[in-house]
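Q: One letter stands for each residue in the lines below.
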Amino acid sequence: MSEHVIDLTVNGHRHSARVEARTGLGEFLRDTLGYTGTHLACEHGVCGACTVMVDGVAMRSCLMLAVQADGAQVTTVEGLAAPDGTLHPVQQALKDNFGLQCGFCTPGVAMTLAAVTRDHAGEGLEHALTSAMSGHLCRCTGYQGIRRAIRQLAGDGMREGA
Amino acid sequence: MKPAPFDYVRPSSVEEACRVLAEAGGGATVIAGGQTLMPLLALRMSQPFILVDINHIAALKGVTRVAGGTRVGPATRQADALRDETLARHLPAFVTALGHVGHYQTRNRGTVGGSVALGEPAAEMPATAVALGARIEIASVRGTRTVPADEFYLGPYMTVLEPDELVTGVVYPDWPDGHLVLFREVAQRPGDFALVGLVGALALESGLIARAGVGWFGMGPTPIRARQAEDALVGSALDRIDPQAMARLALADTAPFDDHHVSAEYRRTVGARIFARALAETLGIRSAA
Ligand SMILES: Cc1cc2nc3c(=O)[nH]c(=O)nc-3n(C[C@@H](O)[C@H](O)[C@H](O)COP(=O)(O)OP(=O)(O)OC[C@H]3O[C@@H](n4cnc5c(N)ncnc54)[C@H](O)[C@@H]3O)c2cc1C
Ligand code: FES
Ligand code: FES
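Keeping their order, the protein sequence lines are chains X and V.
To convert, note that position 90 of the first sequence is 90 in full-length UniProt numbering; the numbers rise steadily by one, no gaps.
To convert, note that position 244 of the second sequence is 244 in full-length UniProt numbering; the numbers rise steadily by one, no gaps.
Be careful, since some hints might not be right.
What the hints assert, rightly or not - Derived list of chain V stretches under chain X, where covered just means 3 residues or more per stretch with a C-beta under 8 Å from a C-beta of chain X:
| hint | segment |
| --- | --- |
| 1 | 36-44 |
| 2 | 51-59 |
| 3 | 98-105 |
| 4 | 183-191 |
Treat the hints as calculated values from the structure; they're not laboratory data.
All C-beta atoms in this analysis are idealised placements derived from N, C-alpha and C, irrespective of residue type, glycine included.
Make the full structure from the sequences, and use the hints.
A: Laid out in structure tokens, this is it:
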């Protein structure tokens with residue numbers, strides 16, 4: 001059982017830690033570094049609650065080892081809002097449209113929506129956001145609030161993001 | 001922490017990866033995108049002593065043109081392959097099928113080679129490799145070999161790969177410019193594994209089908225080539241093709257199964273429908289269904 005010293009940046013802060021090889025990135029972010037905004041639910045890739053950005057790309061943090069994030073720039077939901085607390089447009093849209101209830105799935109949803117809004121150029125943003133939602137399960141909202149948030153994001157033509 | 005303990009190594013070359021695999025004597029497992037392996041580790045269905053991370057081997061990444069075809073490095077991310085211009089131009093069927101593999105988030109990390117090597121019977125990529133006539137390049141300390149995709153799959157999650165072997169490339173032969181794509185799948189929700197699906201390519205030449213490659217997924221223990229339908233299609237004039245009859249021929253090679261989702265009968269019925277519809281739509285001909 002190997003242990004590894006890893007260096008990574010989370011939401012702009014440098015961290016260095018010793019991890020067991022089998023430690024998942026999601027549990028490392030939560031339990032070792034205290035970024036508990038990242039939620040772990042199924043822990044085998046099905047629900048999307050654990051989605052974070054690794055080097056700007058949205059992926060499931062339960063399907064990656066902490067040691068694999070060595071040298072990476074990780075963004076969690078804590079890193080979405082501006083330093084002065086202004087919500088990210090995706091967070092604002094979810095809030096405005098009741099796109100969450102218990103909020104368990106929300107950090108993952110927000111990371112996916114933020115990544116897609118940032119990367120998508122041209123027509124079809126609403127479709128791109130909606131299809132990317134297939135990777136998330138929400139047990140509360142019936143998805144309609146999230147879809148309204150998506151329409152707001154697409155309608156506002158917002159392109160910037162985390 | 002859910003997985004059983006293991007050592008982790010991050011080789012930077014194919015040679016180094018092969019050496020670790022050989023020395024582990026069957027106790028090592030390759031991790032590519034981890035989108036299937038990580039759940040297996042969490043459920044302890046896989047308990048390797050050593051995990052060999054191939055994500056840092058540059059030679060295993062990227063898409064290149066080779067004599068008569070296109071080579072996809074196994075560690076190429078699915079999302080990168082989906083955006084690749086060479087693949088879009090030369091292998092539209094591959095790109096169409098890849099768009100149905102999992103979700104946005106899993107494609108951002110999952111690799112083409114991981115899906116090919118896994119051999120999930122309901123997966124799109126193995127059937128695509130079989131349908132298009134791909135060849136799978138394999139390396140180990142014992143040397144290299146190349147296996148045609150339709151000889152690579154032995155059963156569910158079982159392939160000809162030995163424990164010390166690494167997939168180092170998947171080479172898809174060229175299809176004529178302007179060839180047509182055949183694709184249809186039925187899944188419970190978008191992004192889920194398909195219950196039944198088919199993928200293929202058809203090349204036309206002066207109103208006749210000159211070349212056909214069709215693969216089923218979810219219709220047997222392995223991806224299945226619809227050989228009888230391919231043989232019947234080749235040489236046929238478009239206005240003579242009966243999609244229903246072709247669908248019956250295409251089913252002849254399948255071995256559908258019952259599982260906790262649907263029955264074999266469902267697979268057969270739906271398989272015939274989607275085959276006939278896909279064929280009619282792709283060729284722009286009428287189908288009675
Ligand atoms: C929610 C969800 C939905 C999904 N839906 C689909 C779907 O609809 N269709 C589909 O096809 N897949 C689906 N998948 C699986 C897909 O995302 C995986 O990417 C793919 O099955 C495996 O690729 P990987 O790169 O993640 O491989 P890994 O998980 O890293 O590896 C898979 C297996 O292949 C072996 N392997 C990997 N690379 C090599 C290599 N170069 N040489 C030798 N062996 C190798 C590994 O040892 C392992 O046994 C889904 C996954 C999730 C989590
Ligand atoms: S906790 Fe990662 S997908 Fe569910
Ligand atoms: S808000 Fe409760 S699970 Fe989505």
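Q: Taking 8 Å as the Cβ threshold, is the statement that the segment 183-191 of chain V is covered by chain X upheld or broken by the three-residue rule?
A: holds (count 3)
Q: How does the coverage statement for the segment 36-44 of chain V fare against chain X, requiring three or more residues with Cβ below 8 Å from a Cβ of that chain?
A: Check passed, 5 qualifying residues.
Q: Check, residue by residue, whether the segment 51-59 of chain V contains three or more positions whose beta-carbon lies closer than 8 Å to a beta-carbon of chain X, and give the verdict.
A: Since three or more residues must qualify, the claim that chain X covers the segment 51-59 of chain V holds, with 3 doing so at under 8 Å.
Q: Cut-off 8 Å, C-beta pairs, minimum 3 residues; does the coverage of the segment 98-105 of chain V by chain X stand?
A: holds (count 4)
Of the numbered hints given earlier, the model fails none.
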